[in-house]
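Each protein sequence line maps, in turn, to chains A and B. Using our numbering, the first residue of the first sequence is number 1434, and each one after it goes up by one. Using our numbering, the first residue of the second sequence is number 745, and each one after it goes up by one.
Be aware that a few hints might be false.
What the hints assert, rightly or not - With a straight-line Cα cutoff of 30 Å, these simulated BS3-like cross-link-like pairs (lysine-lysine) come out:
(1) B/Lys859 / A/Lys1593
(2) A/Lys1750 / B/Lys768
(3) A/Lys1646 / A/Lys1806
(4) B/Lys974 / A/Lys1716
(5) A/Lys1506 / A/Lys1593
(6) A/Lys1776 / B/Lys768
(7) B/Lys801 / A/Lys1806
(8) A/Lys1593 / B/Lys974
For the record, the hints were derived by calculation from the structure and aren't laboratory data.
If you want the building blocks of each chain, they are given just below.
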Amino acid sequence: MTSVSRRVWHIILTSVLLLLCVFPALRVILPENTVSMSIFSARVPSDICYDADRLLKAVSYVLDTSRIYYAGKIAVVSFAILLVLKIASIKYFRKWMDIASVFLLTAGSAFMGYTVLSFANLPVDGQQYAVSFSPVLYLALIAVLTAYCSFYIQSSISRKTLIYVISTLLAFLSLVPFWIMIVNATRSTAQINQGISLLPSIYLKYNWDVLKKFSFDAVRGFMNSLFIAVISTGLCLYFSALTAYGFVAYRFRGANLIFSMIVGSMMIPGIVGSIGYYQAIFKIGLMDTYWPLIIPSMASPATVFFFRQYLAANYQKEITEAGRVDGGSEWHIFNVVIFPIMKPVLAISGISSFVGSWNNYFTPLMILNDPDKMTIPLMVQQLTGNDYKTEYGSLYLALTVASVPLFLVYGFLSRYIVKGVSLGAVKG
Amino acid sequence: MSGLRTHVFASRKKGRMKKVNYDKYGWYFILPFIIVFLVFSLYPILYSLQISFTDLKNFSKGFSYVGFGNYIDTLKLPFFWTAMRNTFLLFIIFFIPQIIISLLLAYWFTTISFKVRGQSFFKFSIYLPCIITPVSIGMLFGLFFEYPRGPINTLLQSLSVISEPVNFMKNMDLTRGIIAFVQCWVGYGPMMIMFIGAILGINPELLESARIDGCTGRQSFFRIVIPLIKPILLYNIICSTIGGLQIFDIPRIINGGGPRNSTLTMSMLVYNQAFSGSGLYGNAAAESYLMTILMAAISVVLYFILREKDDEVTYKRRNKR
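Assemble the whole structure, with the sequences as input and the hints as a guide.
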C-alpha cells in the first residue's frame, strides 16, 4: 500500500510542480488571454505575446538582472549542497544531515521559486509592468516544493524539525501583526510610510495627542465596555450556574425536554433573531440603552450546557442533603455551597463570556447610537471613516489601546482559557 | 407554566409520604433562564418570522401582510445571489485550510512520540488572535494592506516582489484572499485547542498499542484518531459552519463589502437592508430566514455525509455488493 501511494504522490507532486513552473512561463510565450491569470496575478501585462525578438531581449534582460541571477545561484548552490549531504548521509551523521537538509530544501525552494517566477514575469522590452509577480503563485510554489522535499526525508527527526519550523512560523504569524501594531503606535506617520520596523520609536505622546482630537475618548469607551462586560458576565455566570444546578440536582417533569431545547438552540444562527430583536427593543423603547446588551446574557445556552456537564460529573447529592439537614433553604444552599464549588468552570466561562461581550459588534451596532454610550468596537469602527484617516500612527495607537485589556486578560488567564476550551470539548 | 402547576399538584398528592419534595425547586431555579430565553431569544426569532411576512419599513407606523412577497423579492434580488456566492466562496477558502491546520497542529501537539517542546508557547501565541476584538483585527489588516505605502506594500517592494504598490482593496480576488486569510488566522487557534481536548480524551492505550503493532503515524492518525474524535469533529464542523456563514465583522471593517460587492456577505446584506438608510425590515427578516434555512440544510447534509462514512452498517452493505 505504501509503495503504491508513494508513487502516486510522487507523480501528483511532480506534475503540480511542473505545472507551476511552466504556467507562468506560458504567459510570456502565448498571446494574451489564452492563459487566464486572474486568480494568480493582480494585473496582467496587456501586451505580452509571442515574439522571438522579445523573448531574446527578455532572456538577456534576465541575465542582466543581478538579483534574479543571485537568487538562482543561491538556489542551485543549496540544492547542490543538499545533494552532497543526501549522498553523505547514507553513511554518516544521518540525523544532523537530515535536519540540515530540511532547511536547505526550504531555502533552496524559496530561491528557486523566486527565480522561476521572476523569469516568467520579466519585463519584456525593458519596460516595467506594474504587478507582474504573483505572490500567491510564489507561495504555492514554495509550499509544493517544501512538501515535495519533506516527502523524501522521512525519518522522524526531520519530521520533528518540520513540526518545529511550521509551529514557529505560525506562532510568529500570530504575534508579529500585534507587535507591529504596538510598534507603529509609537511611530510617526512618516516613519510608518517608510516601512516596517520592529523597534519602537518616540512619537507615542504625539500620536496620543492626535488621537484625542479624533473624538476617540478611550476612557469613556473603556468604562462603557467594562460596565457592560462585567455586569453581563456576572449575570451570565450566576444564572447559568443556577440553571445548571436546577437541571442536575432536581428531577422534575420536562427537564430533559427543556435541556434538549437549550442544546438545540445553540445551533440557531444569531442573525435570524436580529431583526425581531431590534423591532422589539424599539417598541419597548430601550433603544440606546445598555439593557438589550446585558439582559440576554442571563440566558446563555452554551454556558448552561458547559456547567451542567461539569456539575453532572462533580456534584454529589450528599452535599445538598447535608445543607438541608443544617437547615439551609435551597437557594441558600446554592449560594453558599454549590456556587463556590463551581469556581474552576466559573473562571473559564467568565473569561470567554467577558471577552465575548467586550468584542461584541453586531448588537451594539444595532442598538447604540449615542456617541457617549459607544463601546470600544464601535469606536474603533468609527475610526475607519474618520477625517484623520491619514494619521496612521494614532490609528495604530487607538487599536493598541483598544486591545490592551484583552492582552492583559489573556496574559494572566491564558492558562484557564486553553484549559477551558479543551474541557468543553472533552465533555461535549 | 402548565408543567409547573401539574407538578405542584402531583407533589401535593404525594403529601402523604411526609417527605418534603424539593424537586419543584428545579423549576424555580431554571425559571429565570427560561423567561429571559423566551423573551430575548425565542420571541425575537418568532417576531422576525412575523416581520418577514409583512412590509414593515422604517418610520412606517402600520404594516400589512404580504405573504411570501418578501421571500420572492429576495430570491429575485441579484444582490442576494451575489452575497450568497461571496459567503460560500469566502467560507470555503477559509474553512478548509483552517480545519487542516488545526487538526494537524492538534495531532502534532498531542502525539507523545513527537515530544514537542515549548507547546504552551505555541498554543498561547496561536490562540491569541481569537481573543482580540474582530473589529480591531479587521482594521489592523486594513491598515496593513493600505494602498500606497502600507506595511505590506513597503515590505513587498523592499523585497522586490512587486515593483509598484498594489491596491489590494481594489482587486476582488486579493480582497477575498485577505479576508479569508484573516478569518482562517483567527479561527485555527481555538479549533486547534478544541481538537487537542478531543484527542486527549482518547484512551492513550489505544494509540500506544497501535504503535507497538507497527502503525505508522499517518495510519494511526487516519485510522484511530479521526474516527474516534469524529463526533466532536462533526459537532465542531457544523457549529463552525453556522458561525462561518455569518461572517460579518471582519469583511465589513476591512472593505465594507467592496470592491464591487465582491465581499458582501449574507449577514452584511441583512444588516444593510435593515439598518443602513433603507430600513426594509420585512426584506431583511426574509433574508435572514432564507439564510437560516440554507444553513440548516447544509448542517443536515454535512451531518449525513460525515456520519455515514465509517458506519459499520454501510461498511457491511458495501462488502455485500
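Evaluated hints:
no. : hint                  : in the structure
1   : B/Lys859 / A/Lys1593  : holds, 9 Å
2   : A/Lys1750 / B/Lys768  : holds, 16 Å
3   : A/Lys1646 / A/Lys1806 : holds, 18 Å
4   : B/Lys974 / A/Lys1716  : violated, 45 Å
5   : A/Lys1506 / A/Lys1593 : holds, 29 Å
6   : A/Lys1776 / B/Lys768  : holds, 26 Å
7   : B/Lys801 / A/Lys1806  : holds, 26 Å
8   : A/Lys1593 / B/Lys974  : holds, 26 Å
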